[in-house]
Amino acid sequence: MAKLTKTSAFKAQVPKAETQMDKTTRIVRKMVDEESEQRQVKINRLRNARLEREQNTPAKKSR
Numbered sequence: 001m002a003k004l005t006k007t008s009a010f011k012a013q014v015p016k017a018e019t020q021m022d023k024t025t026r027i028v029r030k031m032v033d034e035e036s037e038q039r040q041v042k043i044n045r046l047r048n049a050r051l052e053r054e055q056n057t058p059a060k061k062s063r
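Numbering (the UniProt record's numbering), first residue to last: 1 to 63.
Bear in mind the hints are in silico, worked out from the structure with no lab data behind them. Yeah, the Cβ is synthetic: ideal placement off N, Cα and C, and Gly gets one too. Honestly, I wouldn't trust all of these hints.
With a straight-line cut-off of 20 angstroms between C-alpha atoms, the simulated DMTMM-like cross-links for lysine to aspartate or glutamate are [claimed, not checked]:
(1) K42 <-> E54
(2) K23 <-> E35
(3) K42 <-> E52
(4) K30 <-> E18
(5) K23 <-> E34
(6) K23 <-> D33
Pairwise CB distance ranges, derived in the manner of DEER restraints [what the hints assert, rightly or not]:
(7) A17 <-> N48: 41 to 51 angstroms
(8) L51 <-> K23: 35 to 45 angstroms
(9) K16 <-> L46: 40 to 50 angstroms
(10) E54 <-> Q13: 50 to 60 angstroms
(11) Q20 <-> I43: 29 to 39 angstroms
I would like the entire structure built from these sequences, with the hints used as guidance.
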């Protein structure tokens, strides 16, 4: 077992360089998150429009 000293116990780790696959994954996740956010905005806008239309439309009488 390695001997722990004051300098070896708390050494700052050098961050690894980002690989091409990591870069691609990061970019794709960002794109998917942005598309998901845009989709949610659209869904909320359409839902609110539908609810408003239903409120302003007189109810049909059922026989």
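Each hint tested on the structure:
1. K42 <-> E54: 18 angstroms, holds
2. K23 <-> E35: Holds, at about 19 angstroms.
3. K42 <-> E52: 15 angstroms, holds
4. K30 <-> E18: With a Cα-Cα distance of about 16 angstroms, the restraint between K30 and E18 holds, given a limit of 20 angstroms.
5. K23 <-> E34: 17 angstroms, holds
6. K23 <-> D33: Roughly 15 angstroms between the alpha carbons, so the hint for K23 and D33 holds.
7. A17 <-> N48: 41 to 51 angstroms: 46 angstroms, holds
8. L51 <-> K23: 35 to 45 angstroms: 43 angstroms, holds
9. K16 <-> L46: 40 to 50 angstroms: 44 angstroms, holds
10. E54 <-> Q13: 50 to 60 angstroms: 58 angstroms, holds
11. Q20 <-> I43: 29 to 39 angstroms: Given range 29 to 39 angstroms: holds, Cβ gap about 35 angstroms.
In summary, this structure violates none of the numbered hints.
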